[in-house]
Amino acid sequence: MAVLEVKDLKIYYKTLKGYSKAVDGVSFQIEENEFLGLVGESGCGKSTIAKAILRILPVNGEVVGGEVRYKGKDILSMRPRELKKVQWKEISMVPQSAMNSFDPVYQIEYQMMEAIRAHEKMTQQAAQSKIEEMFALVGLNKARLKDYPHQFSGGMRQRAMIAMSLVLDPTLIVADEPTTGLDVIVQDQILVRIKEIQEKLKKTMLLITHNMAVVAENCSKIGVMYAGKIMEYGGKSVFENPYHPYTLGLIHAFPSLDETDRELLSIPGSPPSLLNPPEGCRFRQRCPFSADPCAEKEPSLRRVEEGHFSACHYPDQVEKFRDLAKKPATWQ
Amino acid sequence: MKTADEAVKRFSSSRKRSFVNWALQSIRVIFKDSLGATGLILVAFFILMALLAPVVAPHGPFDVVYKPDKTVARLVPPNLTNLLGTTNQGMDVFSQLLHGSRIALLVGILSAIGSALIGTAVGLFSGYYGGWVDQLLMRLTDIAFGIPFLPFAMLAISLSRPSLYLVILLIVLFLWRTTARVIRSQVLTLKERPFIWAARAAGVSHLRILFIHIGPNVLPFSFLYMAIGISYGVMTEASLSFLGFGDPHVMSWGQMLNFSFNAGAMRNAWWWVLPPGLCLSLFVTSAFMITRAYEEMINPRLREF
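Keeping their order, the protein sequence lines are chains A and B. Just so it is clear: in the first sequence, position 289 is 289 by the working numbering, and no numbers are missing. When you read off a place in the second sequence, starting at 1, and then add 1000, the result is the number in the working numbering.
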């Protein structure tokens, strides 16, 4: 059974101008020990999905359809008491801007202790040794446990947050942009650490990021999101043999060490308003290959290879797309 | 590596502070600011005065002093037996002044604590829960803002029996409103901070988030308004007493002024008017100075570099 199963999830935000369709019919599943990466531009609904999984959507966010199942149990309909058994104990989170996710007025140790005590009956000593173990795992000195968050550097806080997410030995860890706001070197250290932990402790991970390189490097499964929908989904082949024009654009927008002379391109325009998304394919206004059918019919995720799906009407023309996508002129 | 570990350990243990150290350090911070230091010394003086009043004061606040010829010593100017002279009823002004400091401190502290408690609680619930809770509590605050204090207090006191605790209660009911507004606005920003989201994700209950995570983060503001409340409370009690709505069994500084005014002694018995007036101003000023220094600490924008 899949650890996490998201089926046709629709989350709308109520705004003064109407409903903003932040997530509109997203489905994916994560099997045990899998490392799924969700990539996409800002505002494409990645974090909203993470928040829905942990049931911490803001008050104006509403799940209007679909389901989220954790080991077969529907999270979205759980009562507070059931939910508390799952939150952090089964599904934990490394939140967005994890750097600021510690309460500034308490020592780190106290806060980790609080997390343990809230969910498990553990003796002070057992909890203490668990905390120390996790601190060692993320490479922090246990002598710093009694420090306040402001005495830590950004990277240390981030690592402490990862330690905190591991402290109850959860099955699934949702990491929502765990490296935002850190410099590249620290980013790398932390990602290496996450990857290590995932492999060593056999965790199931959902990584949410806008950084293609991070996903390409670490994840066993990849979902590319655009304007509230998954555009392409699959294993490593999403990056090796991309089918969707949006994925092609994203890949060519990132520098590569292998092709140093390649010109970087940017996808013109900006994502559509989610208040009133366009008919048909949501990417068509920015897609250099769009044709008439794109405006009429919304493409669904279709199998293009074994375990590889793309939401484009023209998987058969992919060779041409791949060639053209390399040239910046195509995107202008 | 070993030595580095040891160094870190030594560093951490050297920072383990005892309560005494911590208190001393806090006081040192206030003393860095000359305004705060002055205020602190003055307040310490008043506290000492209040503590020692029963020992030092030669008479009770309502004791009548007699001259050697057994007549009541009315309106005697300051001399060696009555350091600050006497009132028209022959009571020792110096003793009244000393006892008055106890009332001032009592009123100041109780009304400050009371209003800070109510204001903080209202602000926390209102800001955190929002919706109808917020509406209800904030409209209540609006009402509290809309009521003119003195007429309301005078009416309330004349409808019941004047007593010091009624006065304090009225002051509390009047003072909490500002604290509630300020705390509410702080909570509004705090509740959107990532650590609150993280706590929610960890399944922490709303009440626990409110009191364990948001509460301590707004405490500096509660304390600030508590400090402001001290001078406000004392001043308000003095106004009410001066207007004749104070507790007749309690000789506060405002009450002394009221007695001297009613006796028509304001112009000729300076020894009866000046001491309570000066003490009131000094006490309120010193509380204000501390407030000011403290505010500078918690609000970096007020700091001058």
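Everything labelled a hint here was simulated from the structure, so no lab data went into it. Glycine included, every Cβ here is placed at the ideal spot set by N, Cα and C. Check each hint, because a few of them may be wrong.
What the hints assert, rightly or not - Straight-line alpha carbon distances no greater than 25 Å define the calculated DMTMM-like cross-link-like pairs of lysine to aspartate or glutamate that follow:
id, chain 1, residue 1, chain 2, residue 2
1, A, Lys14, B, Glu1296
2, A, Lys14, B, Asp1134
3, A, Lys130, A, Glu199
4, A, Lys10, A, Glu279
5, A, Lys71, A, Glu41
6, B, Lys1191, A, Glu305
7, A, Lys10, B, Glu1296
8, A, Lys195, A, Glu298
9, B, Lys1191, A, Asp147
10, A, Lys7, A, Glu263
11, A, Lys195, A, Glu41
12, A, Lys71, A, Glu120
13, A, Lys17, B, Glu1192
14, B, Lys1191, A, Glu31
15, A, Lys202, A, Glu298
16, A, Lys7, A, Glu31
17, A, Lys142, A, Glu109
18, A, Lys10, A, Glu62
19, B, Lys1032, B, Asp1247
20, A, Lys89, B, Glu1192
21, B, Lys1191, A, Glu62
22, A, Lys84, B, Glu1296
23, A, Lys84, A, Glu41
24, A, Lys17, B, Glu1296
25, A, Lys89, A, Glu67
26, A, Lys130, A, Asp147
27, A, Lys326, A, Glu41
28, A, Lys297, A, Asp261
29, A, Lys73, A, Glu109
30, A, Lys84, A, Asp169
Claimed, not checked - Computed from the model, here is a short list of chain B residues facing chain A with C-beta under 10 Å:
id, residue
31, Ala1023
32, Ser1026
33, Ile1030
34, Lys1032
35, Arg1193
36, Trp1197
37, Gly1203
38, Leu1207
39, Leu1210
40, Pro1216
**Request:** Please work out if Lys89 (chain A) and Glu1192 (chain B) have their alpha carbons no farther apart than 25 Å.
**Result:** Holds - the C-alpha atoms of Glu1192 (chain B) and Lys89 (chain A) are around 24 Å apart, at most 25 Å.
**Prompt:** Can the restraint linking Lys71 (chain A) and Glu41 (chain A) be considered satisfied, given a maximum Cα separation of 25 Å?
**Reply:** violated, 29 Å
**Message:** Hint validation: Gly1203 (chain B) versus chain A, beta carbon distance must be below 10 Å. Holds or violated?
**Reply:** This hint holds: Gly1203 (chain B) lies near chain A, its Cβ roughly 3 Å from the closest one there, short of 10 Å.
**Satisfaction of hint between Glu41 (chain A) and Lys326 (chain A), Cα-Cα up to 25 Å** = holds, 20 Å
**Item:** Restraint check for Lys1191 (chain B) with Glu31 (chain A), where alpha carbons must lie at most 25 Å apart
**Value:** Measuring from Cα to Cα gives roughly 34 Å; hence the hint is violated.
**Prompt:** Taking only the CA atoms, is the gap from Lys1191 (chain B) to Glu62 (chain A) under or equal to 25 Å?
**Reply:** holds, 19 Å
**Prompt:** Given the hint that Lys17 (chain A) pairs with Glu1192 (chain B), does the C-alpha gap stay at or below 25 Å?
**Reply:** holds, 22 Å
**Prompt:** Are Arg1193 (chain B) and chain A close enough, Cβ to Cβ, to be under 10 Å, as the hint says?
**Reply:** holds, 6 Å
**Message:** Hint check: Lys10 (chain A) vs Glu62 (chain A), CA-CA at most 25 Å. Holds or violated?
**Reply:** holds, 8 Å
**Request:** Would you check the hint for Lys84 (chain A) and Glu1296 (chain B), treating anything up to 25 Å between C-alpha atoms as holding?
**Result:** violated, 42 Å
**Hint check, Lys1032 (chain B) versus chain A [nearest Cβ-Cβ separation less than 10 Å]** = violated, 21 Å
**Message:** Given Leu1210 (chain B) as an interface hint, is its Cβ closer than 10 Å to any Cβ of chain A?
**Reply:** Nearest chain A Cβ about 13 Å off; hint violated.
Figure legend: structure checked against the earlier numbered hints; hints not met, in rising order: 1, 5, 6, 7, 8, 10, 14, 15, 19, 22, 23, 24, 28, 29, 31, 32, 33, 34, 38 and 39.
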